[in-house]
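Chemist: If you want the building blocks of each chain, they are given just below.
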Amino acid sequence: MSGELDLRPLVPAIIVGVTGLVVLLAQAFTPKDRRAPSAPLSLTGLLAALAAVWLLASGGGRGAVLANAVSADAYSLFFQALLLGIAAVAVLLSPSYLRANGLDRGEYYALLLFSVVGMLGLVSSLELVSMFVALEIMSIALYGMAGLYRSRMESQEAALKYFVTGAFSSAFFLYGVALLYGVSGSTSLDRLEWAVSTLTTDSAALALLGAGMLLVGFGFKIASVPFHMWAPDVYEGAPTPATALMSAGVKAAAFGALLRVFGSALHALAGEWQPLVASLAVITMVVGNLAALAQGNLKRMLAFSSVAHAGYVLTALVASPGQAGEAVLFYLVVYGAVNLGAFGTIAALSREGREPLSLGDVAGMAERRPALAAALAVFLVSLTGIPVTAGFVGKFYLFNAAVTAGWVGLALVGVLMSVVSAYYYLRVVVAMYMRDPLGEDTWARVSPSATVALALSAVITLVLGIYPAPVLTLARIAARSLL
Amino acid sequence: MTAADYVFWVFATATVVSGAVVVFARSLIYSAFALLFTFFGVAGLYVLLGADFLAATQLLIYVGGILVLLLFGVMLTHRIYDLKLRTEKTQLGPGLIVAAGIFIIFANAALITEWPTVGREPAPTTKEIGRLFLGEYLLAFEAASVLLLVALIGAAMIVRRKKDA
Chain B
1 MSGELDLRPL VPAIIVGVTG LVVLLAQAFT PKDRRAPSAP LSLTGLLAAL AAVWLLASGG
61 GRGAVLANAV SADAYSLFFQ ALLLGIAAVA VLLSPSYLRA NGLDRGEYYA LLLFSVVGML
121 GLVSSLELVS MFVALEIMSI ALYGMAGLYR SRMESQEAAL KYFVTGAFSS AFFLYGVALL
181 YGVSGSTSLD RLEWAVSTLT TDSAALALLG AGMLLVGFGF KIASVPFHMW APDVYEGAPT
241 PATALMSAGV KAAAFGALLR VFGSALHALA GEWQPLVASL AVITMVVGNL AALAQGNLKR
301 MLAFSSVAHA GYVLTALVAS PGQAGEAVLF YLVVYGAVNL GAFGTIAALS REGREPLSLG
361 DVAGMAERRP ALAAALAVFL VSLTGIPVTA GFVGKFYLFN AAVTAGWVGL ALVGVLMSVV
421 SAYYYLRVVV AMYMRDPLGE DTWARVSPSA TVALALSAVI TLVLGIYPAP VLTLARIAAR
481 SLL
Chain V
1 MTAADYVFWV FATATVVSGA VVVFARSLIY SAFALLFTFF GVAGLYVLLG ADFLAATQLL
61 IYVGGILVLL LFGVMLTHRI YDLKLRTEKT QLGPGLIVAA GIFIIFANAA LITEWPTVGR
121 EPAPTTKEIG RLFLGEYLLA FEAASVLLLV ALIGAAMIVR RKKDA
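Note that the protein sequences, when read in sequence, are chains B and V.
Counted from 1, the first sequence has number 327 at position 327 by the numbering used here; the numbering is strictly sequential.
Counted from 1, the second sequence has number 24 at position 24 by the numbering used here; the numbering is strictly sequential.
Each hint should be verified, as a subset may be incorrect.
[Said to hold, decoys possible] If you want the ones that stay clear, here's a sample from chain V, every Cβ over 10 Å from chain B, calculated:
{"no.": "1", "residue": "VAL7"}
{"no.": "2", "residue": "GLY64"}
{"no.": "3", "residue": "LEU96"}
{"no.": "4", "residue": "PHE106"}
{"no.": "5", "residue": "ASN108"}
{"no.": "6", "residue": "THR113"}
[As the list claims (entries may be wrong)] Estimated spans, in silico, between C-beta atoms of each pair:
{"no.": "7", "chain 1": "V", "residue 1": "PHE133", "chain 2": "B", "residue 2": "SER279", "range": "35 to 43 Å"}
{"no.": "8", "chain 1": "V", "residue 1": "GLU142", "chain 2": "B", "residue 2": "ASP202", "range": "34 to 42 Å"}
{"no.": "9", "chain 1": "V", "residue 1": "ALA25", "chain 2": "B", "residue 2": "ASP202", "range": "17 to 25 Å"}
Just so you know, these hints were derived from the structure itself, not from any lab.
The model shown is predicted, which means the values in this text are computed figures rather than measured ones.
By construction, the Cβ of each residue, glycine as well, lies at the ideal position given by its N, Cα and C atoms.
Use the sequences and the hints to build the structure in full.
Modeler: Structure below.
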């Protein structure tokens with residue numbers, strides 16, 4: 001143990017965590033007849049943490065600290081900035097939704113902030129025990145958020161299902177950590193990398209089982225098939241801004257940790273785990289897209305689409321870590337913006353406990369809400385991956401990574417499934433633009449903060465589609481620090 | 001077989017048999033009591049592995065805390081005795097095949113692996129664990145307190161009474 005305690009890489013997470021406590025206390029000390037300033041406080045904390053990430057990125061304090069448990073390398077900082085951005089947009093979406101559904105409570109924001117603490121830890125851990133604790137902080141906060149809407153059966157079901165399957169997946173993760181400890185005698189990723197590269201064939205079996213268990217654990221978090229069964233129910237039952245955070249943030253954080261473990265620490269075993277990941281990718285894309293075709297409920301459709309997108313991202317993992325990293329990091333930015341936008345649109349229209357969930361609800365929206373319909377169309381077209389949208393650029397890099405690594409068939413499945421997905425995404429666009437509205441427009445006026453959130457997501461989606469170079473460069477630099 | 005081997009088999013059998021009772025017992029109260037023996041069996045296995053601190057913690061926390069809480073929960077809950085616990089969707093056949101397959105794979109891997117060993121007799125571990133918690137694993141140790149806080153907040157939020165929700 002070298003003497004000094006260097007906490008600099010933890011500063012963003014500490015800021016977010018302290019903000020969570022402040023939000024709780026503010027709620028407790030606000031008089032009953034007044035509203036606690038939970039959302040502004042949360043937003044301030046997230047932006048302060050973002051500033052801290054910026055300072056870390058431009059200054060020193062990047063090395064691994066606390067006995068190599070955590071680091072603020074370029075890879076961590078890229079993910080931390082992304083996650084804080086996602087959380088900030090989710091906070092902007094929340095106040096109007098919570099008020100429209102009678103859920104306006106400080107605990108929601110506190111749990112949101114704590115789940116962000118877990119996500120930040122997950123992407124910057126260099127050691128498996130810290131990574132596990134971070135994963136649990138994130139998950140437990142989200143179980144609570146999923147069950148926030150207590151008066152609805154779906155929300156209770158979501159919380160319970162998420163909790164049970166989540167606990168189950170944590171056990172897999174932990175078992176994997178234990179087996180890998182058996183291989184290397186250490187939980188540090190550096191030592192693991194060294195141990196795996198000097199394995200004898202007999203011990204390789206154990207390392208592979210450990211890797212497989214970790215993959216199952218991560219598979220639950222990113223909702224890849226066959227570990228996706230919870231996703232539609234949870235995404236449907238949770239309050240919509242929380243769903244947006246789950247689909248964008250959790251997936252980004254889990255992929256961040258997955259790529260760090262598999263792309264760098266377990267890379268020596270790539271020949272063995274890549275076929276496994278490739279087959280996961282294929283069934284995830286196929287099942288996710290085909291199931292999404294059959295959904296009438298928009299939130300469930302987006303949930304299965306989020307399953308399918310986990311499959312697209314998995315295809316890139318068969319490439320070399322540098323190339324895979326660049327493609328995955330860029331895609332997660334795109335995916336985050338697009339998904340926040342899509343779920344955000346639903347949340348922003350929510351009024352008196354109802355939200356637009358069927359095609360009939362959005363029919364003719366282009367007439368009544370031209371700007372909102374245009375934004376949702378941008379998000380859906382981008383999810384499809386039609387050229388000149390961010391989704392296209394992102395998918396291009398993902399599939400390109402797979403092709404470069406010699407997995408042409410895998411990329412082909414991805415392209416084919418994207419074509420299939422056009423049907424269910426564009427069906428919504430068609431309903432908005434070509435069908436006549438049904439009945440009165442009873443949806444809420446979009447609140448200013450939600451407008452900012454949606455505009456931000458739409459602008460990022462458009463800009464990344466036309467001029468992706470700066471973010472790609474950042475993704476490349478970040479991915480290089482993995483090697 | 002040495003004496004330790006006999007002790008191992010006693011504990012292992014106790015753990016597995018009582019574990020089976022936990023799963024297959026008809027009444028929740030039988031399951032809860034069988035769990036007591038499972039916990040004891042596991043604690044015994046920890047002792048045999050030289051993990052003294054873990055064994056003591058297992059007894060204190062699981063037997064002394066969690067199990068007692070569980071029994072109170074069962075006994076104080078109204079009409080839990082005639083509750084039908086099994087779901088209708090048990091898939092015994094496929095479940096058995098998958099479980100047996102996984103068992104064979106893991107057992108095989110455990111047998112062929114050359115396990116890294118430290119090459120010394122088991123020594124008391126408490127001091128070493130304490131040192132690691134405040135040294136190498138400081139971050140995980142401290143972060144665990146955040147985890148507990150989050151669990152508390154989440155639980156408090158979920159069980160809050162309806163009228164002030």
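Chemist: Taking the hints in turn, state whether each one holds.
Modeler: Tested hints:
Every beta carbon of chain B lies more than 10 Å from that of VAL7/V, the smallest distance being close to 23 Å; the non-interface claim holds. The claim that GLY64/V is not at the interface with chain B holds, since no C-beta of that chain comes within 10 Å of its own (minimum 22 Å). For LEU96/V, the non-interface assignment is confirmed: its Cβ lies about 19 Å from the closest Cβ of chain B, beyond the 10 Å cut-off. Interface exclusion of PHE106/V from chain B breaks down, the closest Cβ pair being 7 Å apart, not more than 10 Å.
For ASN108/V, the condition that its CB be more than 10 Å from all CB atoms of chain B is violated, with the nearest at approximately 7 Å. At the 10 Å boundary, the C-beta of THR113/V falls inside the reach of chain B, the nearest C-beta of that chain being 4 Å off. Here the CB-CB span from PHE133/V to SER279/B is close to 40 Å, well matched to the stated 35 to 43 Å. Roughly 38 Å separates the CB atoms of GLU142/V and ASP202/B, a value that falls within the hinted 34 to 42 Å.
Between ALA25/V and ASP202/B the CB atoms are about 40 Å apart, so this pair departs from the stated range of 17 to 25 Å.
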